[in-house]
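Visitor: What follows is the residue order along each chain.
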Amino acid sequence: MHGNGVTVENLRKIYVTSEQIAGGIHAANFNLPEGTFFTLLGPSGCGKTTTLRCIAGLEQPDEGRIEVGGTTFFDADRGIAVPLNRRGIGMVFQSYAIWPHMTVFENVSFPLRVAKDRSYGREEIRALSEKALATVGLDQFADRSATRLSGGQQQRVALARAIVREPRLLLLDEPLSNLDASLRETMRQELKRLQRQIGVTTIYVTHDQAEAFEMSDQIAVIDKGHVVQIGAPESIYFRPKNIFVASFVGNTNLVRGIATGKSGNNAATTVRLPSGAAFRCLTTDGGALNGGSAVTVSIRPEAIAVGLVKAGASTTGNGLEGVISDVAFLGNMRRYEIRLDQTVITANSDPRQTLGIGDRVFARFDLEDAIVLAE
Amino acid sequence: MTATSRAGRAVLRTWLPSGRILGGIGGPVRVLALVLIVLLALLVIPPILTLVELSFSDIGLDGTRSGFTLAHYRDLAGDTDFIRVLFNTVVFAASATLISLLLGGTLAWLVERTNTPFKRLAYLTAIVSLGTPYVLYVMSWLYILGRAGPVNQLYRWLSGGSGVLFDPYTLTGMIVVEGFLWSPLVFLLMAASFRMANAEMEEAARMNGASVFDTIRLISLRLAWPAILALAMFVFIRNIESFEVPALIGIPGKVQVLTTDIYLAVKEFPPQLGHAASFSVVMLVLIAVLIHFYGRIARQADRYASITGKGFRPRPFDLGAARPVAGAVIVVIFLIVLALPLMALVWMALTPYVAPVTLAGMKTLSLHNFIAVLTAPYYLTLAVNTLLVSVFAATTAMLLTGLAGWLAARRRFGGRIVDQLATVPLIFPGIVLGVAVLDMSLRMPFSIYGTVWLIGFAYLIRYMPYGMRYAYSGVLQLHRELEEASEASGAGVLQTLGRITAPLLSPALMAGWLFIFLIASRELSIAVLLAGPQSQVIAVAMLDLWQNGQAGELSALGLLWTVLMVIVASIFQYLERRGSTETFG
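Residue numbers (this note's numbering), protein chains in the order written: chain B, 1 to 375; chain P, 1 to 585.
Think of the hints as simulated: they come from the structure by calculation, not from any bench. A hint or two may mislead.
[Claimed, not checked] With the C-beta cut set under 10 Å, the calculated list includes, among others, these residues of chain P facing chain B:
#, residue
1, ASP79
2, ASP318
3, GLU484
4, GLY492
5, PRO503
6, SER506
7, PRO533
[Claimed, not checked] Chain B is nowhere near these chain P residues, computed Cβ spacing over 12 Å in every case:
#, residue
8, VAL38
9, ASN115
10, PHE317
11, ARG480
12, SER486
13, GLY490
14, VAL493
15, GLN495
16, ALA502
Only a predicted model underlies this, so the values are computations on that prediction, with no experimental measurement involved. Note that beta-carbon positions come from the ideal geometry of N, C-alpha and C, so glycine has one too.
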C-alpha cells in the first residue's frame, strides 16, 4: 500500500452480553487507495460504528490488522496497538463533541497544542488553525464562544478540528444526522467538495443511502456485523449481491421464481414464475445457478416501463404481464401497483401516463435491470 | 455500551506485559485508580472494623482491652431499655417523616403545579432553613413551645390557669420539631420532581375522558408514588440518624433514642464504650438494610422519572377560587417553619436572659449579646475552626470523588470498586462515626485527638457519598465523545482529564462542594464526641451554650452565622437550579 491508503484485514470485534452476541463486526476486510471517500453503510446496530471506532483506536479489536499509510496501527498477532492519540487521525463525532468551555479557535487549535510528535510554535498554530477555519468557511468566527454556534457551524468547527493537523485519515461518524433536512443536503455537497480539495482518505459512517451514494467512491454495505458487499455506488445499486443489499439500498421488487436452466456468473438466465410466465434476468458474480433452483430476482420500480396490453396484440420484449391494482400520483412520477399472479410489484412511471385500476398491462424491463440475488 | 468484549479482555490480558495498550485503558489511569482505591479503603474500612472489634472487646475500667467477649450483645438482648429505645426511635422517625412529607409535599405541589400566589416565599423559606444550624432551630422551637414561651403564655392568659397546653419535652414534642426541621428539604426535593414531571401524561388522561380527581388518583399519584416512597425512605433514614432533636429535647425529657443512647454511653464516666459500640453496630446494620431498600425504590423512581420530557414547562393547574386558600397555606407554613423561629431567636438575642414576650421585657432589650459575640475571640476561633474543617472536608471530598465519579461513570479500571468504597459511609449515622473515629484516634501512635483535623477527617468520610453523587451524575451528563474527541486529537488521558473533563465537570463539583460545605458547617452529631477544648466547632459550641443556659449569646451567634450561611446556600441553590435537579442529598 502506497501513500496514505488504508488496509483492514480480518477485523473482528464482538460484543457479548452474558448469553448472546450483542453486536460488533465479524471479519471486515477492505483496501482503500489514498484519497478514497469510503462509506460504511448499514442499519443502526450493524457494526459500522464499531469498525470506525476500531480504526480510530477508541475500541480494541479482538482480532485482525489495521494499517494506515504503511504504519501498522493494530495487529492482534504481533500484539501491536498504537494508542489513539498517536494515530494522527482526524475524526468528526456524531455529536460533534465541540468543547463548550473553549472558543472556536481554541477548539480547532487543540490538536496542534497537544501534539506529541512535534511541537508547533505559536505563529504556526495560528496560521494552521486559521487555514482550517477558512477551509470550512468559518474564518470570521475564531473568537466566538463554542456555545454560541448553530448546528451547522458546530459541524464545521468539528471538521476544522479534524483536518487542522492535515491527518492521513479522516473519520466521520454520521456527521450529518443531527442536522435538519435542508442543511443536510447542503453539507453533503460541501463535505464532498472539501474532501476532494484536501485529498484526504476518508471513512464515512452512515445509515442514509442517499448520503452514501452522493459522496462515496466506494461503499461497504454491512448487515448484522458482516460486510456483505463492497463496490462503487453504481454497482451497489445496480448489481446488489443479496436481498439485504437490494432492499436496503433503495426500493425494489423481489420476485420469486424457478431458474429454468444452468447459468454461470454474470450471465443471462431465464426465470419462470409459478404461473408459467417467464422472463430474462442476470446473475451476479459468484451467482452461478443450477437449473430448477428457486431464486429471488430484484427489479427496481423505476426500471419498469408500463404499457397497456391491447386485446389480440402480442407483447414484445422482456417483462411480465399483470393487472393494475392501485395507482398513486406523486408529482414527479405515477406509481402503479401491478398484480402478477401471486405477487404485486411496484412500477414508477411517467406522471403524465394515465392508466387506471383494472387495466391489463405489460411491465417491461431490461435484462440487466433484473438481478438474481443470493438468499 | 453495556456489553463487554469477552474475547477483547482476554486479548488485552495477554498484552499487558508488553505495555502497548490503548491509551484509555492502561497506564496513568490505572495508577491513579489504584492510588484512589487505597486511599478510599483507608478512609472507609477502618471505622467499621474498629466498631466491630470494640463491640466484641472486654474493656476494663481503665480502658484496657482484654480479649473477646459477647457480653455487650448479651446485655443488649436482655435489656428491656433496648426495646424501648428501639421503639422510640422508630416511632419518632416514622411520625416525623409523615409530618415533613405532608408539609413539604403540599407546599411543593402548590408551588410547582398550581397558580398559587407567594411561590417565592416558599423558596425563601427553604433556602434560609438550609443555612440554619439545626441546634439553633430546635432551640427556638423549645422557646416557642416551652413553659415560658408565647404558646403556653397565650394559653394561660386565655384559660386563666397556670398550667401548660403543651410540653415540648416529650416524644410528641420531638416529633413535631423534627417534622418541621425536615420539611424545607422535602419541599426542595419534591419540587424538583414535580418540576420535571411531564404534564402531557395528565393531559392525555384528561383528553381520554378522566375527571380531574381520577387524573390525580390514577395518573399523577401513581407516577409520583415511587419518588414519594423513595423520599419518605430517605427522610426516615435521616430521622433515625438524627441527633439534634433527641439531644436537645429527648435527653432533658428522658426520651431516649438510639443516637442519644450511644452519646450518653460515651459521655458517662467511665465511658461505656462496649455498650456504645454494640448499639452502633446495631445501627449500622439497621441503616444498611434500610439503604438497601431505599436503593431499590429509588431505582424504580428513576425508571418512572425517565419517561418525562425535558426542557418542558408543565401547565400550572388553575386553582380558581381556592387560590387565596393556597396562598394562606404557604404563608402559614412560612410563619411556622421560618418566621416564628427567627423572631424567637431575635427576641432571645436581644434580651439578657430567657424571658417571656412581654411589654416589660421590651425595656430590657439591648444589643449586648451581639456585641459580646462580635468582640470575644472565642467566637472568632469557633467560626475559623468551623470554616476550616468544612472547607477541608468539602475540598478533599470533591477532589477524591471527582476522580472516583469519573472512573465509575466511564466504567474505567477500578470504577466499580471506588464507587462502592465511596458510598459505604452512607451507613454511618453521625454519632456512630463519631464513636468509631474517637476510638481510632485514641489508638493512633501520634496524637490527633483534640485537633480540628480529626473532625475534618470524620466529615470527609461521612460526606464522600454526597460528593460521589454529584461527581458521578456530572460525568454522566458529559457526552463521552467530548473526551474521545480530545484523545483522537492527540491528547493523552491525563491531558484529556485536565483540559477537557475537569473544566467541564467543575460546575457539578462546585455544587457538590457547596452542598458538603453547608451540611458540614452545621454538623453536630459527628463532631460532638470529637471536639476537644482546642477544636470546638460552631454546632458543638452552640449545644454547650444551650446546656449552660446562655441562650442570649447563642441566639446572637446563631443569627449572625445563619446570615453567612444563607448567602452560601443561595449560591448553592442558584447553581442547583441551573444544573440537574435530581439528587436526594
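Visitor: All hints are to be evaluated individually against the structure, with a verdict given for each.
Guide: The hints, checked one at a time:
A least Cβ separation of about 48 Å between P:ASP79 and chain B goes past the 10 Å threshold, and the interface hint is therefore violated. For P:ASP318, the shortest C-beta to C-beta distance to chain B is roughly 36 Å, which exceeds 10 Å, and the interface hint is violated. With a least beta-carbon distance of about 6 Å to chain B, the hint placing P:GLU484 at the interface is held under the 10 Å criterion. Look at P:GLY492: its Cβ gets to within about 6 Å of chain B, closer than 10 Å, so that hint holds up.
Hint status for P:PRO503 relative to chain B: holds, with the closest Cβ pair at about 5 Å, below 10 Å. The criterion of a C-beta within 10 Å of any C-beta in chain B is met by P:SER506, whose closest approach is roughly 9 Å, and the hint holds. Interface hint status for P:PRO533: violated, as the beta-carbon distance to the closest one in chain B is roughly 47 Å, over 10 Å. Separation of P:VAL38 from chain B is adequate, the least Cβ-Cβ distance of about 26 Å exceeding the 12 Å criterion.
P:ASN115, annotated as away from the interface, keeps every beta carbon of chain B farther than 12 Å; the closest lies near 34 Å. Every beta carbon of chain B lies more than 12 Å from that of P:PHE317, the smallest distance being close to 35 Å; the non-interface claim holds. With a least CB separation of 9 Å from chain B, P:ARG480 falls inside the 12 Å interface cut-off, contrary to its annotation. Consistency note on P:SER486: stated as away from chain B, yet its beta-carbon is not over 12 Å from all of that chain's, at 7 Å minimum.
For P:GLY490, the condition that its CB be more than 12 Å from all CB atoms of chain B is violated, with the nearest at approximately 5 Å. Its closest Cβ contact with chain B, about 8 Å, brings P:VAL493 to no more than 12 Å, contrary to its assignment away from the interface. Remark: the non-interface label on P:GLN495 conflicts with the geometry, its nearest Cβ contact in chain B lying 6 Å away (cut-off 12 Å). The beta carbon of P:ALA502 sits about 10 Å from the closest Cβ of chain B, which is not more than 12 Å, so the claim that it is off the interface is violated.
This entry does not satisfy hints 1, 2, 7, 11, 12, 13, 14, 15, 16, going by the numbered hints stated previously.
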